[in-house]
Amino acid sequence: MVTVNDYSGKIRPDWCPACGNFAQLSAIKNALAELKIEPENAVVVSGIGCSSNLPEFIRAYGFHGLHGRLLPVASAVKWANRKLTVIGYGGDGDGFFEGTQHFFHTAKRNVDLTYIVSDNQIFGLTTGQASPTSEIGFISKTTPDGNIEKPVNPMTFALSAGATFVARSFSGDPKHLQEVIKKGIQHKGFSFIDVFSPCVTFNKTNTYDYFRKRVYKYEAKDPSNFEEAYRAVQEWGDRIPIGIFYQVKSQSYEDLDPVTAEETPLAERPYRKLKPEDFEEFL
Amino acid sequence: MVTVNDYSGKIRPDWCPACGNFAQLSAIKNALAELKIEPENAVVVSGIGCSSNLPEFIRAYGFHGLHGRLLPVASAVKWANRKLTVIGYGGDGDGFFEGTQHFFHTAKRNVDLTYIVSDNQIFGLTTGQASPTSEIGFISKTTPDGNIEKPVNPMTFALSAGATFVARSFSGDPKHLQEVIKKGIQHKGFSFIDVFSPCVTFNKTNTYDYFRKRVYKYEAKDPSNFEEAYRAVQEWGDRIPIGIFYQVKSQSYEDLDPVTAEETPLAERPYRKLKPEDFEEFL
Amino acid sequence: MRDDEIIIRVAGAAGDGVQSAGQIIAKTFSRKGLNVMTYNYYQDIVRGGQSWYQVRASGGKVRSQGDGLDILIALNKDGVERHTNPDINEGGASPLSGIAIFDKSISGYTERKVTYVPMPLSDLASKHSSFALMKNTVAIGAAMAATGVDFDTLSSVILDVFGKKGKVSEQNVSAAKEGYDYYLSNHKPTGKKLSFGSKRKYLIGGGEAIGLGAVRGGLKMYIGYPMTPASSALHYLAAHARDFGVFVKIPEDEISAINMTIGANYAGARAMTGSSGGGFSLMVEALGLAGMMEIPIVIYESQRPGPSTGLPTKTEQGDLNLVLGASQGDFPRIVLSPRDARDCINLTSEAMNLAQEYQTPVIIMSDLYLSEHNETVDSIDPEFRIDDGRRPVDGEKDYKRYLITESGISPRAIPGQKGLMHNEDSDEHDEYGDVVSDAETDPTKRVAMMDKRMRKLDTLLRKMPPTETYMLADAEYAVIQWGSTAGVTEEAIDILRGKGHRIGAIKVNRVFPVNPDIGKLCSGKKKIIVVENNYSGQFNRLLKAELGLKTVLVRKYNGEAFYPSELAAMIEVKIW
Amino acid sequence: MRDDEIIIRVAGAAGDGVQSAGQIIAKTFSRKGLNVMTYNYYQDIVRGGQSWYQVRASGGKVRSQGDGLDILIALNKDGVERHTNPDINEGGASPLSGIAIFDKSISGYTERKVTYVPMPLSDLASKHSSFALMKNTVAIGAAMAATGVDFDTLSSVILDVFGKKGKVSEQNVSAAKEGYDYYLSNHKPTGKKLSFGSKRKYLIGGGEAIGLGAVRGGLKMYIGYPMTPASSALHYLAAHARDFGVFVKIPEDEISAINMTIGANYAGARAMTGSSGGGFSLMVEALGLAGMMEIPIVIYESQRPGPSTGLPTKTEQGDLNLVLGASQGDFPRIVLSPRDARDCINLTSEAMNLAQEYQTPVIIMSDLYLSEHNETVDSIDPEFRIDDGRRPVDGEKDYKRYLITESGISPRAIPGQKGLMHNEDSDEHDEYGDVVSDAETDPTKRVAMMDKRMRKLDTLLRKMPPTETYMLADAEYAVIQWGSTAGVTEEAIDILRGKGHRIGAIKVNRVFPVNPDIGKLCSGKKKIIVVENNYSGQFNRLLKAELGLKTVLVRKYNGEAFYPSELAAMIEVKIW
Ligand SMILES: Cc1ncc(C[n+]2csc(CCOP(=O)(O)OP(=O)(O)O)c2C)c(N)n1
Ligand SMILES: Cc1ncc(C[n+]2csc(CCOP(=O)(O)OP(=O)(O)O)c2C)c(N)n1
Ligand code: SF4
Ligand code: SF4
Ligand SMILES: [Mg+2]
Ligand SMILES: [Mg+2]
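Residue numbers (my numbering), protein chains in the order written: chain A, 1 to 283; chain B, 1001 to 1283; chain C, 2001 to 2576; chain D, 3001 to 3576.
Looking at chain A on its own, in the form it has when it is part of the complex:
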């Protein structure tokens, strides 16, 4: 029996007290435990940022890599061993700036992994610069006169890329968060979950209060209706929907590729012995 304690890491998270990342760490641990996934079969791959420190704090296989590069690593882990449950976890700077291209193409490929972005609308670890999701007018060390660049909408991005599971949640609503993450992990294919995660130290705009006032739970009439989803995710302002906007069934990349499609994971297959016939073409 897997319990959430099996996922308890020995290192105490070094996030600022009340940082939105705590809720996500709990939600991920709970979701994995509830899904009865053994810690040795869970791999958490992250980038660089406050949020990306998470693999240090969970007892699973952790990979704390490079800023923006978690998705290529996570994809290949899945391709190498399709038995593993692979979770990608990183920041908004990590995913929507440095890792933009990987986000797009990984979603399009529909690799079976769950990608959670701790979206605090700021660069946390580097002590507070505007991020790709910072709002217009947002004041930070790099935008002292207010940000002039439109924020990315990670939802429309993921939808256009072809993600087969697109959702949003909020660190201030741990139950919702855990439920969405659980569904994301269960989803076969690329699941994207953007999580509003207040940075209590550097983002004085997008606080818990800010979101508590605005978020409401969205229920898709038909989660497989792309147009409906695309419209719903564009709502922003006084009311901001959270929930699962889109979900469709589709073959994952590793099911489509004949080499990874075989049941035995690539990593566990015996090495291919060469035979003289293999060189015959050169004769």
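The set of hints was computed from the structure by calculation and includes no laboratory data. Watch out, some of these pointers could steer you wrong.
[Claimed, not checked] Counterexamples of contact, computed for chain D against chain A with all Cβ distances above 10 Å:
#, residue
1, 3077
2, 3092
3, 3406
4, 3573
[Stated by the list, open to error] Quick partial rundown of chain B residues pointing at chain A, CB under 8 Å, derived from the structure:
#, residue
5, 1105
6, 1108
7, 1162
8, 1257
All figures in this text were calculated on a predicted structure; none of them were measured in a lab. All C-beta atoms in this analysis are idealised placements derived from N, C-alpha and C, irrespective of residue type, glycine included.
With the hints as your guide, set chains B, C and D with the ligands onto chain A.
What follows is chains B, C and D with the ligands alone, placed relative to chain A:
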């Protein structure tokens, strides 16, 4: 009086005879001449690929840079000197693989430049590998058993990114091509034009015939209607629309940023002399 | 430790206000006309952990963070414990031998041979404000009283620092006064004899100095993606963007940053980018583009310990191999490595010109130690002669962008110039910029272009100023250092001279191309000791490869900077 | 030129079928048991321009493309003109001294002292097919007749090459027969005495050999973005993906490619990526990640002339600085540089093991010359012992991923292993993998980890096989070369020995870490000459930095490979 001859380069294009790039070269030259833009004020920035050789063949300021990196260069050229007409020109591999992140963020920033992609659905220069727009099942040196990855739809990509001018044309229809390019250059802000450009040597699927049978001219009822545009660009198969799908007015990045917004181009402004007061904060 | 210098350290956890407190002290000293250097010891964490900030000040020279500790302001018990304990190596810094100031609520620490000054910091602070960090101000007041600084100077600093906040500002002054008076009434001053001066000095960080030097050198665009320890320059420039008329942009990644920087310079606007090793790694491909196309660019590379993410808030000089090897093929590059804040200003202004003149990448290598610490400079010259390099005139006949010249430098036309339209290419090209490899590769033209480009380094070497030295003339032993270790090396030389060793230093701040005069300066020396803040002696390898020197290596790679006495001891071992 | 060897060159424009014609000739010779080497001279263009393909064959050793030219097949007039003209330097290749075969419609060329054999190529071809390129096959038939190869061998090759096409295949055989018979009836054979053997040889390209070696070494995933000249390996593996059970993927960019390669190896599947200098430049950041996290990766880096896009279809060895300097900080890397196709197979299989054993990046450096040319090998050993390196057992108590060991090598657990969950980190970490820099940096642990990682190089050096030499024992002069210049260097040595020089060579294919035995091999030699296909002597600098050698440099950087007599002459100048 600017004529198209003013744009004639001394180097003969080295593309294969009948390559789709020829039509685009002519269309660009004609559009620039018709718009009475002096060659010294036109800058063509490209990446690496067959298509990207274009700046060598036009008498303007040409910048033949790195695979996938034309948009950052082009953006900065515009920021440095907003009087210049800046055209970005590259391949589908260049723009939708190697340069994915730049395409997205440049479109979002609405930098005033025209980005034309010679979309031959293949890597031409490297002698025929599947590209990000290659269709499923497409056979190439890297996909001998047929491509299994869904092609990018550059149109939905550009729309989701926030491009303010999104169009498509076809090298087999030079008049249409020239008209769309002209409108793209005239558009203030980021204009994206995807051009079906048959690679007669390596792509035996997406030929002139293939497109002649399928393309039809699309006229947007209301080019500023995002939903209409988003729906229209998804049509694919027996009928494929070409035309201007989307166009809205919006301030360009260099108009929004107070430093570039001033009339005299940055490159032409006098150097800022330091005064003792500038260091006072350190006292 | 000398009687005319003082070292004060503020210690606490991240979020405790350690750095702000230290900065107020530093600025108070610099306004008193002292030479100051600060040292920021912090962690890759936003709250908690342990960090400290040290201020060294003197009427005499201050060339490093220094040895010894006169006054400790401890903001928590851990701080009292650590910094008085001779067994804990606080990143190489000395433990306290003087006065420890802390809140009287802190107790239970191990008693050691230092003067404990528990004070009612919180109580005194709460008279003026309920804001918790106000107690730090009380402690600052006490420390300033202990060093004999007049209260007016301290209050002027406090008013400037909290200036905008009106009431907060006044409260802080009052709190400082409480501490100041309390200390004077109850405790003895340090007995240090600091020779205060009448002229305020500029207190500036290395990163700010880079930014300022760039603006003086004609900077019009700074494009960079944040990365410690290069961000201090970015933040400084962002804060002054409108005033300086500098366009500042954070793009999607470092690849974009460098390509934008290239594009801007191509179009005639002086532009610069900056990052640390990880971000620079992403710029490698485009570095070669600038080299091949002969487009000026300046890159600020501020090192931190690698490999990979490494120790993001620590210091090292481990990126030299990276910078020298970056990008495929051979092309000219210029690598400068400033010694201190003044050098940051001067070399960066110069870098802006060098890039234009030689039309090739110039890389300014700093490190966390230099980029993130504050230092005094006596004066800053606002004047600087900007030279845009060789430009053709509009309409020049038969214009050749890559004209083959003896200097290797060709006339560079800028888009918008009439009649000079041409193509610049990442493929090998001829004098016009036309590609030589498409229809038929021309091996002769290829060689001519390679030679032309590489000749720029010879031209540069001919104009290079002589390498500076310290006490070298009569020295038997020569120490060679590069970049930010100049100050500490000088101090180590002083220590060793004090012990009777005939030793001097060669101080390299123009790292590549290697100045051949270094070889000459070494000739006849008994031993050549290369000092580096990295594992493998990357600069040492460069000297061996370029000059064939026989050297011994002194290195440190634990993430901390050298301390003067430590370095002296490390060198002494090698010359025995 | 020796009597027992022949050099045939097919010349024309891109799109003329030059390469296919050359390959048929090469394969015919390899089936006749000759040693063969081909050389592909082409441009960065898909149609037009000028290109040629050369085949050198002999019963004796064939170690380079060779000097001289016996038979020219010219597919256009330009071809006849160029390759008979002693003044045109065709990338260093000798002009024709023997027979020129071409279509009789070609006329008006400058007559020179060669045997012109204008033939009715098109007419003969059109008897069998209207396909224009069929005339090439007629010419091949003629050339084979001239060299005395039996027609059956030629026809067997044609049938295999066009195999799938049925009728086309037969038509080509008939066309070849026309040419073969026509030549025999109307012209004289070359008079060469080729010692044909009875055993077919394998004719394999360098890129294919890399792919094959990797599969033999346990490759399970190859992830690469196309880039000349690394694509030949990618294409080979893509074509055989299902058969070999290798997952082949072209991702969005090279950054993704290397991070995927790291992810795959992390998860226990042997993976490799490949590119040329430009793509490798984009991998620089992640190279350090693998070094820091101690994850095995193999990178195939095939060089072409830089800087930047440079000369995409030419050859150079100019990326060594890049590969050695790549990524910030110090970490162990292994650089191998195969000499020839056989070495490509063997070193690549070995690289797959080395990466696992040392848990660090292994880079295989080739170049266009080696990667894109075909060569015969007598036999290929299908056997290879795969060693997965040090792995812990499931559930091991107190598992330390980065256990400090004498060898520097720690037990590597793979996701999925029970009870061994741990974190791998790009930040500096302790033995468990826990970060040492977050709350409090531990300088001691940092140093211990740096030392541990770097010790892997010492372990490797202890096990490194001795560096191979050629005619070195009695030599006064030593030539040192690296990688693909081994063959041509041997031939140059032979030439120089023939002239009475006591000279030999040190042949380095394990480039880094530098084997100290190279220093010993050099001791007592009058002069040490380093031969390199680049501008600045990058390997020479490495030898100076590592071994303090005093050397002279022989270099070529016009985009072409060395030719034996050219290299001999360049060396001779240095030893006079
Ligand atoms: C290549 C590279 N560029 C820049 C950095 C510096 N850096 C570290 S974290 C970070 C951004 C953090 O923001 P985000 O991804 O949103 O994560 P958060 O800290 O907010 O959770 C940056 C720019 C880096 N480590 N690597
Ligand atoms: C960083 C880098 N990676 C790979 C290459 C090799 N390369 C040159 S062109 C090209 C793709 C060409 O395809 P596309 O962009 O579609 O242009 P096309 O030739 O089809 O016009 C590639 C992969 C390169 N030059 N640089
Ligand atoms: S700085 Fe912000 S994101 Fe980082 S740990 Fe603190 S609250 Fe969280
Ligand atoms: S290979 Fe294709 S894209 Fe390239 S020039 Fe030829 S036809 Fe055009
Ligand atoms: Mg963030
Ligand atoms: Mg293409």
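**OP:** Compare the structure with the hints numbered earlier in the document and write down the numbers of the violated ones, lowest to highest.
**Re:** Nothing - there is no hint that the structure violates, so all of them hold.
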